[in-house]
Amino acid sequence: MLSYNSLRIVCPFRALLHPNWLMTNRQTVNTTVTCSAHFVSTSFPKKDTWQRKCNLKSTGNESKLIYSTYTASSTRNYCTGKFKLNCWNCKQPLYETPAFFCMACKAVQPPEEGTSFFNIMDCDYKFSLDTQKLQKRYLHLQRSLHPDNFSQKSVKEQEYSESYSALVNKAYQTLLKPLSRGLYMLELKGMRIEEGTDSGADPEFLIELMEINEALDEAKTPEEASKIGQHTKGKLAVLTEEIDAALLKGQLQSAKALLAQMKYFANIEEKVKEKLSEFM
Amino acid sequence: MAGTVAKKCLSPLALLTRRLSAPEFITQCCYHKKVVDHYENPRNVGTLDKNSKNVGTGLVGAPACGDVMKLQIEVDDHGKIVDARFKTFGCGSAIASSSLATEWVKGKSVDEALLIKNTDIAKELCLPPVKLHCSMLAEDAIKAALADYRLKQKDDQQEAARASI
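Line by line, the protein sequences are chains A and B. Just so you know, my numbering puts 246 at position 246 of the first sequence, and the rest follows in order with no gaps. Just so you know, my numbering puts 398 at position 118 of the second sequence, and the rest follows in order with no gaps.
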């Protein structure tokens, strides 16, 4: 990106001998100093380093042409994203990631591709996340993003609010339950549980599952069904802790196997609920 | 019952229906009537004595959807499958696939039963792409039952050989 900054800086001759006194910080670009020279700078931004070729041409009595080339590093303001996005409405840069609304004109922004659910919901990237905080964040976001708030706005804003609101819904639902959260975390690392038979499954574990399912199927009283429900909840709690430990250590294969086990028990939990509702 | 089954389905066929309001259309568009038939009138549900040397037991699980399937076969002395039973805990397509599998293996020899493919099961039941893995599970259950039977037969033969020495 080439930007040509043409400034007239008037500064004491002495300053010309100390180029560092001149622009080293972006904030000071606009400061003018009395000088007897025209100063033209061409800036070539190279990642975070701006190489400035300063051609200092002296005016007035000094007929000497002074050329000074120096490299000045200036911190560029940019957010955690790879490149800065601009508001579709007022073209001002969006400083936040993810940016829901433009800080300048307050227009709702479209969701950015590839933003993780953890970023959207402002939650730490870990399995044991704070569900209370998640819920608060969800309500806070939907209060401002929900399409009902945009019924009087432009079609574009209505579309953006709809897609952002739907994305926030999806992020919330995924991160709320441990199973879907764990599976999503694996997905972010490029792993997923394949469809089809698990050839590496422990036969004893499958026998246990079969027995629990059969017992639930044959349960004649709500108490029997509840007992199985309690047992399943216990298993799920243990698995949740084990998955948390595995993910913290980066043991993805272990986490994957544990999440598969969790899926089976989550299904049983659903069946317990159905069974109990049948008894009512 | 079919209504609750229909609620859980994710069939892409749903996208093709024009009328979604009537409940019978929801059922038809989500599960094929053959699947519904096997779900409501399953054939060969039950258990065989897994300790019997003529019974092979196949127990398989699908971790992605959390389905568990048990399929048992009883083989006579001539190597022909005379009885089959199944128990499946999962979606309607998984139940129908295993029910159909037990129907198909009956009367076949052990070698013929090995030839049953998941694609045949899926075709017969008109399974949508999203449910193809259920037929795969049924094929794996058949193979597991046959493998268990073969293993038992081999153990038996080895025992008989040792006893005769």
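Derived by calculation from the structure, the hints in this document are not laboratory data. Think of the CB as a built atom: it goes at the ideal place given N, C-alpha and C, for glycine as much as any other residue. Keep in mind that the hints are not guaranteed to be accurate.
Claimed, not checked - Only pairs whose alpha carbons sit at most 25 Å apart, straight line, appear in this in silico PhoX-like list of lysine-lysine:
| id | chain 1 | residue 1 | chain 2 | residue 2 |
| --- | --- | --- | --- | --- |
| 1 | B | Lys-313 | A | Lys-271 |
| 2 | A | Lys-177 | A | Lys-91 |
| 3 | A | Lys-177 | A | Lys-235 |
| 4 | B | Lys-397 | B | Lys-386 |
| 5 | B | Lys-397 | A | Lys-271 |
| 6 | A | Lys-233 | A | Lys-273 |
Said to hold, decoys possible - Per the computed footprint, the stretches of chain B lying under chain A, defined by three or more beta-carbons under 8 Å from a beta-carbon of chain A, are:
| id | segment |
| --- | --- |
| 7 | 311 to 322 |
| 8 | 352 to 361 |
As the list claims (entries may be wrong) - Some chain A residues well away from chain B (every beta-carbon gap over 10 Å; in silico):
| id | residue |
| --- | --- |
| 9 | Lys-177 |
| 10 | Glu-214 |
| 11 | Lys-263 |
**Message:** Could you work out which of the previously given hints the structure breaks and list their numbers from low to high?
**Reply:** 2, 5, 7, 8, 10 and 11
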